[in-house]
Structure formats: structure tokens, C-alpha cells
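Undergrad: Top line first, the protein sequences correspond to chains A and B.
The first sequence runs 1 to 303 under my numbering.
The second sequence runs 1 to 303 under my numbering.
Source of the hints: derived by calculation from the structure; they are not laboratory data.
Values in this document were obtained by computation on a predicted structure and should not be read as measured data.
Careful, some of the hints might be misleading.
Stated by the list, open to error - Only pairs whose alpha carbons sit at most 27 Å apart, straight line, appear in this in silico DSSO-like list of lysine-lysine:
#1 A:155 x A:187
#2 A:187 x B:281
#3 A:259 x B:77
#4 A:259 x A:187
#5 A:187 x B:77
#6 B:187 x B:155
#7 B:281 x B:21
#8 B:21 x B:77
#9 A:155 x A:78
#10 A:187 x A:21
#11 A:281 x A:215
#12 A:78 x A:21
#13 B:78 x B:281
#14 A:281 x B:187
#15 A:21 x B:187
As the list claims (entries may be wrong) - Short derived list, chain A residues pointing at chain B, Cβ under 10 Å:
#16 222
#17 259
#18 284
#19 301
What the hints assert, rightly or not - Examples of chain A residues lying across from chain B (beta carbon under 7 Å, computed):
#20 186
#21 221
#22 289
#23 291
#24 292
#25 293
Note that beta-carbon positions come from the ideal geometry of N, C-alpha and C, so glycine has one too.
2 protein chains.
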Amino acid sequence: MADLVVVGSVALDTVSTPFGKVSEALGGSATYFSYAASFFAPVHVVGAVGEDFPRDHLDLLQRRGVDMEALEVRPGKKTFRWTGEYGFDLNEARTLETQLNVFAEFRPSLSPRHRAAPFLFLANIDPDLQREVRRQMTNPVLTALDTMNFWIEGKRESLLGALREVDVLLINDAEARMLARQPNLVKAARAIVELGPRVVVIKRGEYGALMVTGKDFFFAPAYPLENVFDPTGAGDTFAGGFMGYLAQRGLTDPASVRKAMIFGAVMASFTVEDFSLERLKRLSPADIEERYAAFRTMVNVEP
Amino acid sequence: MADLVVVGSVALDTVSTPFGKVSEALGGSATYFSYAASFFAPVHVVGAVGEDFPRDHLDLLQRRGVDMEALEVRPGKKTFRWTGEYGFDLNEARTLETQLNVFAEFRPSLSPRHRAAPFLFLANIDPDLQREVRRQMTNPVLTALDTMNFWIEGKRESLLGALREVDVLLINDAEARMLARQPNLVKAARAIVELGPRVVVIKRGEYGALMVTGKDFFFAPAYPLENVFDPTGAGDTFAGGFMGYLAQRGLTDPASVRKAMIFGAVMASFTVEDFSLERLKRLSPADIEERYAAFRTMVNVEP
Numbered sequence: 001m002a003d004l005v006v007v008g009s010v011a012l013d014t015v016s017t018p019f020g021k022v023s024e025a026l027g028g029s030a031t032y033f034s035y036a037a038s039f040f041a042p043v044h045v046v047g048a049v050g051e052d053f054p055r056d057h058l059d060l061l062q063r064r065g066v067d068m069e070a071l072e073v074r075p076g077k078k079t080f081r082w083t084g085e086y087g088f089d090l091n092e093a094r095t096l097e098t099q100l101n102v103f104a105e106f107r108p109s110l111s112p113r114h115r116a117a118p119f120l121f122l123a124n125i126d127p128d129l130q131r132e133v134r135r136q137m138t139n140p141v142l143t144a145l146d147t148m149n150f151w152i153e154g155k156r157e158s159l160l161g162a163l164r165e166v167d168v169l170l171i172n173d174a175e176a177r178m179l180a181r182q183p184n185l186v187k188a189a190r191a192i193v194e195l196g197p198r199v200v201v202i203k204r205g206e207y208g209a210l211m212v213t214g215k216d217f218f219f220a221p222a223y224p225l226e227n228v229f230d231p232t233g234a235g236d237t238f239a240g241g242f243m244g245y246l247a248q249r250g251l252t253d254p255a256s257v258r259k260a261m262i263f264g265a266v267m268a269s270f271t272v273e274d275f276s277l278e279r280l281k282r283l284s285p286a287d288i289e290e291r292y293a294a295f296r297t298m299v300n301v302e303p
Numbered sequence: 001m002a003d004l005v006v007v008g009s010v011a012l013d014t015v016s017t018p019f020g021k022v023s024e025a026l027g028g029s030a031t032y033f034s035y036a037a038s039f040f041a042p043v044h045v046v047g048a049v050g051e052d053f054p055r056d057h058l059d060l061l062q063r064r065g066v067d068m069e070a071l072e073v074r075p076g077k078k079t080f081r082w083t084g085e086y087g088f089d090l091n092e093a094r095t096l097e098t099q100l101n102v103f104a105e106f107r108p109s110l111s112p113r114h115r116a117a118p119f120l121f122l123a124n125i126d127p128d129l130q131r132e133v134r135r136q137m138t139n140p141v142l143t144a145l146d147t148m149n150f151w152i153e154g155k156r157e158s159l160l161g162a163l164r165e166v167d168v169l170l171i172n173d174a175e176a177r178m179l180a181r182q183p184n185l186v187k188a189a190r191a192i193v194e195l196g197p198r199v200v201v202i203k204r205g206e207y208g209a210l211m212v213t214g215k216d217f218f219f220a221p222a223y224p225l226e227n228v229f230d231p232t233g234a235g236d237t238f239a240g241g242f243m244g245y246l247a248q249r250g251l252t253d254p255a256s257v258r259k260a261m262i263f264g265a266v267m268a269s270f271t272v273e274d275f276s277l278e279r280l281k282r283l284s285p286a287d288i289e290e291r292y293a294a295f296r297t298m299v300n301v302e303p
């Protein structure tokens with residue numbers, strides 16, 4: 001098992017969907033990522049919270065063995081907050097408010113141990129910060145990056161710089177089209193491969209995820225669920241399962257990357273079944289194995 | 001190889017997409033279906049055209065070995081015509097005009113040979129006609145049915161009657177929700193299984209197709225294409241590959257049905273690459289095998 005470092009947000013989310021609402025619930029890209037990845041490999045969070053961040057939330061991650069030595073708790077500051085809502089089309093979140101708070105002045109500085117980690121996930125934050133973290137790493141075996149429309153539009157040059165330094169880009173379909181300035185998804189993914197990452201993973205919500213490399217495709221369906229409550233964190237949980245599995249195996253060969261896609265889809269399928277990390281909190285390794293088997297059956301022509 | 005009968009439309013389509021336009025091109029559900037199925041098994045078309053139907057189109061189907069003994073050419077009548085358009089979201093067709101013409105008074109009467117066929121496809125037509133054909137069949141091994149919002153809304157009772165007499169329903173996702181009156185797709189599919197068909201195949205355009213049985217799921221992705229020109233006929237071509245493969249094997253066991261889903265997706269992936277049947281006309285059995293292998297690779301964790 002190899003060490004896995006994630007830099008991203010640890011946040012308090014207020015989310016409403018047609019099925020309910022939560023206020024100031026545990027959220028953030030690094031939170032979902034690290035919780036999911038903790039089922040697979042030792043994971044280290046780089047980030048910052050304010051002094052208002054509930055102790056219970058830190059305990060929750062610590063009980064999963066997540067290392068939070070590099071999660072700064074800043075006195076006198078407030079935690080990052082996101083408020084969003086979903087309509088019946090759960091594929092699209094509407095952001096109502098973002099309070100960067102402590103994250104606005106966050107400047108990561110990694111310890112020698114973190115710098116030496118072979119697996120790195122740059123969650124969806126300012127590409128300047130993503131590059132700063134990447135630069136501090138000694139020689140990672142595999143670096144993956146997530147981003148969003150806000151940075152594609154607002155910090156394109158910095159993002160392009162970050163992309164040249166990563167192996168895998170995880171991105172949703174609309175953002176892939178926006179980044180590549182190309183409406184066809186396959187052409188968009190191939191154009192992105194030219195920008196740096198050798199693997200592009202396109203997340204399509206309830207329609208699954210498509211991986212595009214130079215010439216290959218791999219498709220991981222989404223699990224057909226009878227009840228989807230809240231898609232918040234699904235993409236970060238996917239990344240957690242994906243990177244967690246690769247770090248666990250210490251491998252980056254094509255077969256391992258394909259299996260990692262399935263584990264990503266498996267973990268995301270749990271997250272959306274409840275608000276915040278509620279479903280993940282009830283999760284056992286046996287649940288993960290069982291759903292992985294169900295995913296395999298779902299695409300296997302020999303049932 | 002077992003005989004396969006299809007009842008449906010043989011039509012002249014006028015279609016515009018963001019990529020071009022065709023006028024009075026060969027179309028119709030039975031046309032796409034039979035052309036695709038002809039690569040797998042002996043297929044027999046039950047339908048009607050007017051005396052204006054171009055001889056070339058009949059020759060085209062005949063060269064593929066499609067039996068058109070039961071395709072009535074009605075003197076003094078006009079062929080069924082459909083005019084539609086697509087925007088950049090190619091998943092949704094907008095019907096501009098439908099002229100039933102000869103189809104309005106079509107009353108199928110099957111020959112003894114057709115009645116004895118073991119495989120039957122009831123393409124998207126009036127459910128009264130679908131039932132009329134089903135009733136004439138001796139004892140089919142497998143009957144599949146396609147339908148659309150127009151019949152779900154306008155002839156619900158007759159459609160429910162038809163569903164009780166079929167094994168497989170092929171339907172798109174919005175129509176599955178409409179038929180079951182249930183927004184969640186998995187619940188909708190399971191509700192439809194209670195209505196009669198033991199297998200429900202939900203077509204989701206560029207997102208692939210999902211098969212739901214009592215407890216199982218099977219997922220066939222759509223092939224990621226760099227150029228999609230016209231989705232007209234994709235669903236009927238899918239059905240042609242699906243039913244054609246089953247008729248070729250003469251089997252209806254779960255593994256064969258799963259392989260049939262992939263052959264359906266393979267055939268549909270060709271149809272959308274050009275207008276009308278243009279891509280299918282250039283198709284060789286080797287092309288089909290090659291793309292089938294590509295589909296398998298696309299979901300196989302051992303690349």
C-alpha cells in the first residue's frame with residue numbers, strides 16, 4: 001500500500017434537493033475523497049479549516065485512519081462554506097453561495113513525508129494552489145486533478161499549466177467540452193490528452209464515467225439506484241475510490257486503472273444514497289466488495 | 001438460425017440535424033430493423049407502402065435477403081412519411097409532420113409461414129395493430145415490442161393489453177417513466193416488468209442502454225463516436241441487432257440476451273454515423289465483429 005495525499009476543501013455544506021435539506025453538514029472535496037480512499041490506502045489531507053469546524057467531524061475522519069497532520073485549524077477564522085441546491089435533474093447543482101473564508105488565504109506547505117507520497121490528488125481548488133502542491137512533491141508516481149467551470153473560465157492559463165504536470169484529469173462532461181472548446185465529447189477528451197494528462201476520466205453523473213486515453217475507451221456505468229438523495233460529493237468520492245484503489249495496489253497499469261474506475265463508481269454510488277457522508281458512515285468493506293461484484297455482473301455478458 | 005418477423009413502418013423520412021438534411025430518404029422502423037437484422041438471421045417484413053415507394057429502396061432490402069412477400073404495395077396510395085428535426089441535443093427528435101397515408105388503413109394478415117416464426121418484433125405502431133399481429137402468431141419463442149409517447153398517452157389501455165403478451169419491451173427512458181408514471185428509472189423499469197414483459201430494455205441514446213429484469217441489470221454502453229450525424233432509426237437498428245442475434249442463435253437464455261444487447265448497441269452505433277441507411281449500406285460483417293470486440297474491450301477490466 002502506498003501513501004496518498006489529497007489537497008482540497010474541508011467544508012460545511014448547506015444543500016437542498018427535492019428530497020430534503022441539510023444545513024452546515026460535513027462536506028468538501030478533500031473530505032469526501034479521503035473518507036472514500038480510507039477504505040483502500042493510507043490517506044493524508046492537506047487543507048485548512050476555521051476554529052468553528054466541529055470537533056466531531058475531525059473525529060469522524062480520524063476514526064477512518066485519515067491523517068490530518070496537514071489540516072491546519074486556523075484560530076479566529078471561519079471554515080469554507082458552500083450552499084447549493086438541486087432540482088429533479090440531480091445531474092446539475094446550482095450554487096447559491098460560496099464563502100471561501102479560511103480557504104482564501106490558504107497556502108499549503110507540505111512536510112517531507114507528504115512530499116514523498118507516490119499518489120497525489122489535486123481536488124477542485126484554485127489551479128495556482130494545485131500547482132504549488134504539485135511543485136512541492138518529490139516525484140509522484142501518479143497525480144490526478146479535478147477542476148470545474150469556474151477555473152476553466154477564470155484561470156485558464158494557470159489550469160493549462162497544472163494540466164501539463166498531471167497524469168489523470170477527472171472532469172464532468174460539460175466541463176470537458178468547455179475546457180477543450182469542442183462540443184463532441186470524444187474529440188474533447190482526445191484534445192485534453194494533448195494538453196498533458198494521459199488519462200481523461202469524464203464523469204457523467206447517473207450515466208456513468210468514460211475513460212479516454214490516447215486510443216482506448218473504458219466505460220464504468222453508474223449503479224442503477226432506486227433512491228438517489230443528494231449527488232453532492234459524488235465526483236470526489238469517485239476520485240477517492242479511484243485513487244484509493246491505485247494507491248492500495250501501488251500500480252498504474254491499464255488493468256489497474258480500469259478496476260480503479262469501477263471502484264470509483266462503486267464509492268460514488270453509495271454517496272448519493274444519502275446526504276453528506278451519511279451513507280459512507282454506514283459503509284463496510286463487505287458492502288464495497290458486494291457492489292463491486294454487482295458492477296462487474298452489470299457489464300459481464302456471462303451473468 | 002430461426003425466422004424473425006417484424007411488423008412496422010416502411011417510410012420516407014425528411015430529417016434535418018445541425019449537420020445536414022435529407023428529403024424523402026428511406027426510413028421507417030421496419031426498414032432499419034430488417035436491414036440490421038439481416039446481418040444475423042432471415043427476416044420477414046410485414047407492412048405496407050404506397051405505389052410511390054421507390055423501387056430502388058425495395059431492391060436495397062432485397063439484396064440483403066430481406067423477405068418482403070408480406071410488404072403490400074398498395075396501388076393509388078401514398079407511402080408513410082415522417083418529417084423531423086434535431087438540435088444539438090441529438091437525444092431528442094422533434095416531429096414536424098407525420099403523414100400516415102397507406103399506414104392509416106393497414107390491416108396485417110400473415111401467411112402460415114410468417115405465423116409460425118419463432119421470433120417476432122412489433123415495431124412502434126398502433127398497439128391495436130401490434131396485438132392483431134401477435135394474435136395471428138402460432139407460438140413465438142420471443143416477442144419484443146417498441147412503443148412511444150404518442151401511444152402511451154393516446155392508447156394506454158390497448159398498449160397495456162399488448163404488453164401482457166410480449167417478452168421484451170424496448171423503450172426510451174422518458175417513455176419508460178411516462179408508461180410507469182414513476183420518475184425513478186429503476187422503479188419504472190421494475191413496474192413495467194409487473195405489466196408483462198420479463199425484460200425491459202431502456203434506450204438512453206448516447207448514454208447506452210440498460211436492461212432490467214426481475215432482479216438483474218445489464219448495461220450496454222453507447223460507442224463513443226467522434227461524429228454523430230443523425231440518430232433517426234438508432235432505436236430500431238438496436239432492436240434489429242438485438243432480435244437478429246437472438247434469432248441467429250435461436251436462444252433466449254440470459255447470456256444470449258446480454259450479447260444481443262451488445263449487438264444492438266453495435267448496430268445502432270453505425271446507423272447514427274450517417275443519414276438514413278447510408279452507413280448500414282457500407283457495412284460488412286467484419287465491421288460488426290470489429291466493433292463488437294471494441295464494445296467488449298470498453299467494459300472489460302482486462303484491456
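Undergrad: Each hint: holds or not?
TA: Verification of the supplied hints:
1. Annotation: proposed proximity of residue 155 of chain A to residue 187 of chain A holds, straight-line Cα distance about 23 Å (limit 27 Å).
2. Restraint check for residue 187 of chain A and residue 281 of chain B: the C-alpha separation of about 26 Å stays at or below 27 Å, so the hint holds.
3. Note on residue 259 of chain A and residue 77 of chain B: the hinted pairing is violated, with a Cα-Cα distance of about 58 Å set against a maximum of 27 Å.
4. Of the supplied pair hints, the one linking residue 259 of chain A and residue 187 of chain A holds, its CA atoms being roughly 24 Å apart against a limit of 27 Å.
5. About 46 Å separates the Cα atoms of residue 187 of chain A and residue 77 of chain B, which puts this hinted pair outside 27 Å; it is violated.
6. Restraint check for residue 187 of chain B and residue 155 of chain B: satisfied, since their Cα atoms lie roughly 23 Å apart, inside the 27 Å limit.
7. Restraint check: the Cα-Cα separation between residue 281 of chain B and residue 21 of chain B comes to about 18 Å, which is no more than 27 Å; the hinted pair holds.
8. Pair hint residue 21 of chain B plus residue 77 of chain B holds up; C-alpha atoms about 26 Å apart against a cutoff of 27 Å.
9. Between residue 155 of chain A and residue 78 of chain A the alpha-carbon distance is near 25 Å, which keeps this suggested pair within the 27 Å criterion.
10. At most 27 Å may separate the alpha-carbon atoms for a hinted pair to count; residue 187 of chain A and residue 21 of chain A exceed this at roughly 38 Å.
11. Under the criterion of a C-alpha separation no larger than 27 Å, the hint pairing residue 281 of chain A with residue 215 of chain A is inconsistent with the structure, at around 38 Å.
12. Between the alpha carbons of residue 78 of chain A and residue 21 of chain A the distance comes to roughly 22 Å, so the proposed pair stays at or under 27 Å and holds.
13. This hinted pair checks out: residue 78 of chain B and residue 281 of chain B have alpha carbons roughly 25 Å apart, not beyond 27 Å.
14. As the CA atoms of residue 281 of chain A and residue 187 of chain B are separated by approximately 26 Å, the hinted pair is consistent with the 27 Å bound.
15. With a CA separation close to 23 Å, the supplied pair residue 21 of chain A and residue 187 of chain B stays within the 27 Å bound.
16. Of the supplied interface hints, the one on residue 222 of chain A holds, with its beta-carbon coming within about 9 Å of a beta-carbon of chain B, less than 10 Å.
17. At a threshold of 10 Å, the smallest CB-CB gap from residue 259 of chain A to chain B is about 5 Å, leaving the interface hint in force.
18. At about 22 Å, the closest approach between the beta carbon of residue 284 of chain A and any beta carbon in chain B exceeds 10 Å, and the interface hint on this residue is violated.
19. Contact between residue 301 of chain A and chain B, as hinted, is supported at the beta carbon level, the nearest pair being about 4 Å apart and thus within 10 Å.
20. Below 7 Å, beta-carbon pairs count as interface contacts, and residue 186 of chain A has one with chain B at about 5 Å; its hint therefore holds.
21. Given the 7 Å rule on beta carbons, the hint for residue 221 of chain A holds: about 4 Å separates it from the nearest Cβ of chain B.
22. A distance limit of 7 Å between C-beta atoms decides the matter here; for residue 289 of chain A the minimum to chain B is near 15 Å, and the interface restraint is violated.
23. Residue-level restraint check for residue 291 of chain A is violated (minimum Cβ-Cβ distance to chain B is 12 Å; threshold 7 Å).
24. Hint status for residue 292 of chain A relative to chain B: violated, with the closest Cβ pair at about 10 Å, above 7 Å.
25. Contact between residue 293 of chain A and chain B, as hinted, is not supported at the beta carbon level, the nearest pair being about 12 Å apart and thus beyond 7 Å.
When the structure is compared with the earlier hints, violations turn up for hints 3, 5, 10, 11, 18, 22, 23, 24 and 25 and for no others.
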